[in-house]
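Residue-level listing of the chains:
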Amino acid sequence: MPSVEERVIAVAARVLRLDPSEIKPEHAFTTDLGAESVQSVELVANFEEEFGIEMDEDAALAVQTVGDAVTFIANVCKERGVDV
Amino acid sequence: MRLILLDRLNGKRFHFYPLALSRPIWELRCGMTTLGEKLVAKTGASDVACFVPPYMAEVYRAESGRPVNDPRSLRGDDLLVVNGRVKASHVCVERKGPSRIATDADGECLYARIAKEDLPRLNSDSVDALLDSARQSLPAVEEEVPVWDYTWDLVLANPEQLREDFTAAGRSGIEGTVEEPSAIRGSRKDVYVAPGAMVHPMVVLDAAEGPIYIDEGAQIHPYTRIEGPSYIGKKTILLGAKCREGNTIGPVCRVGGEVEESIIHGYSNKYHDGFLGHAYVGEWVNLGALTTNSDLKNDYSHVEVTLEDGRPVNTGSTKVGSLIGDHTKTSIGTLLNTGANVGAMAVVNTTGMPLPKFIPSFAWLVKGAVTKGHGRTGLYRTAEVAMGRRKRPWTPAHQAMWDEVFELTAEARNKALKKGRIALAAS
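Residue numbers (the working numbering), protein chains in the order written: chain D, 1 to 84; chain C, 85 to 511.
Be aware that one or more of the hints could be misleading.
[Said to hold, decoys possible] Sample of chain D residues at the chain C side, in silico, Cβ under 8 Å:
| no. | residue |
| --- | --- |
| 1 | E48 |
| 2 | E49 |
| 3 | L61 |
[Said to hold, decoys possible] Chain D residues, not near chain C, derived (Cβ > 10 Å throughout):
| no. | residue |
| --- | --- |
| 4 | A28 |
| 5 | V44 |
| 6 | K78 |
[Claimed, not checked] Calculated cross-link-like contacts (lysine-lysine; reagent style DSBU-like; alpha-carbon spacing at most 30 Å):
| no. | chain 1 | residue 1 | chain 2 | residue 2 |
| --- | --- | --- | --- | --- |
| 7 | C | K499 | D | K78 |
| 8 | C | K381 | C | K502 |
| 9 | D | K78 | C | K502 |
| 10 | D | K24 | C | K499 |
| 11 | C | K451 | C | K319 |
| 12 | D | K78 | C | K503 |
Derived by calculation from the structure, the hints in this document are not laboratory data.
Don't be surprised by glycine CBs; every beta carbon is placed ideally from N, CA and C.
Model the full assembly from the supplied sequences, consistent with the hints where possible.
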């Protein structure tokens, strides 16, 4: 099964139309990956669907980097009892 | 006699969502005034108290300056309790006479006249207790009481109501400024330009089919054409608008493009081109350039509107446009489907195609899918900025009210969010 990081990168690549190999944990969604405001909203919705979780939108949108998103989502999954 | 305006959080209230999410039903408009103003005028009441859903009481108390949800209002005088859905033009309740109560088929009180001497035998601890005891002990009225059933009823009745309200206002002539060259078509007695209102050159006021009332401080910019019956509210600005018949606009709106038979509450903007027809728009709405709503289906069949509970209702009319709740914003080029129900505090982004017919409150529509967007905090911040620009404060009471609206509308939104996540993942 792919790791949380691989799944986050796969979703980010699909939404932002990037090659997954170009996305690194230290990349910021906006400044490095070019995510616009609407795409940030799409990312949150897609992460929720990918992991079967609901995230607080204010907290989710405060996440800056891919690595932080991996940590944030892993924590939410743990809190919700979702296996990843 | 004290008039008690009544709006309870039950029954058919949701028929008036999203507009009634943030105001009592009687604050909805038809013609030149609100339903409540018509009820007050019809009953001749000078003493008015209100009972509203608790979550909006604090905001409404500050806005109306009237006693709101105060049980003391239920004592010490003859009471005429009138549901905000009752049509004022049909209110035939004598100010004096024996106590009686009229209810609808679901037992909801439509009106009750309660003589002061009967109050001691009723429970006036709360308005609900009073009405419960009135139902049990007062004679029931057998007559049918005409009521407003849905928001679009107000839109469809607006042209005729505008004519009646113009006559009732009893004003006519130019008390403001009409700069030359402008043209008044039809009878000048069917036009009223209030003091401080300014009609710029190259404006056509076409009163041939109905009266036009331009209220204080309104500005009508060049190349605007207004067809009567129409009401342009205080300090509203029309910017080269093609203002077809049957409009109620303002106060403090900015409106351009084409607008037909629509009601627009205060402080809303539709600055640019785009068509709005048979629509009802709340306060603090911004419709981006080229936002257009359909109000007629290609097969001329009756328009259906999907209510908050997900149920489509046949309006019985071939012409119904959008219902748009307070603080909602649309992006440039938004295309709203026929009879679209767009909730309050929503952010609607264009897809280039007609959007879903039901967009929940607090939704961010992205690629036609409902998302959480930037959440409530961002929406509240925007609302505060928008209101601040017009010197209106966003208070903790507003936030508390909208928090409650968020909860009230959660079920419909959560269903749409679930579908939205699937749609976005598949896109």
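Okay, the hints, checked on the actual structure:
no.: 1; hint: E48; in the structure: holds, 5 Å
no.: 2; hint: E49; in the structure: holds, 4 Å
no.: 3; hint: L61; in the structure: holds, 6 Å
no.: 4; hint: A28; in the structure: holds, 17 Å
no.: 5; hint: V44; in the structure: violated, 7 Å
no.: 6; hint: K78; in the structure: holds, 20 Å
no.: 7; hint: C:K499 / D:K78; in the structure: holds, 24 Å
no.: 8; hint: C:K381 / C:K502; in the structure: holds, 29 Å
no.: 9; hint: D:K78 / C:K502; in the structure: holds, 21 Å
no.: 10; hint: D:K24 / C:K499; in the structure: violated, 34 Å
no.: 11; hint: C:K451 / C:K319; in the structure: violated, 36 Å
no.: 12; hint: D:K78 / C:K503; in the structure: holds, 24 Å
Checked against the numbered hints above, the structure violates hints 5, 10, 11; every other hint is satisfied.
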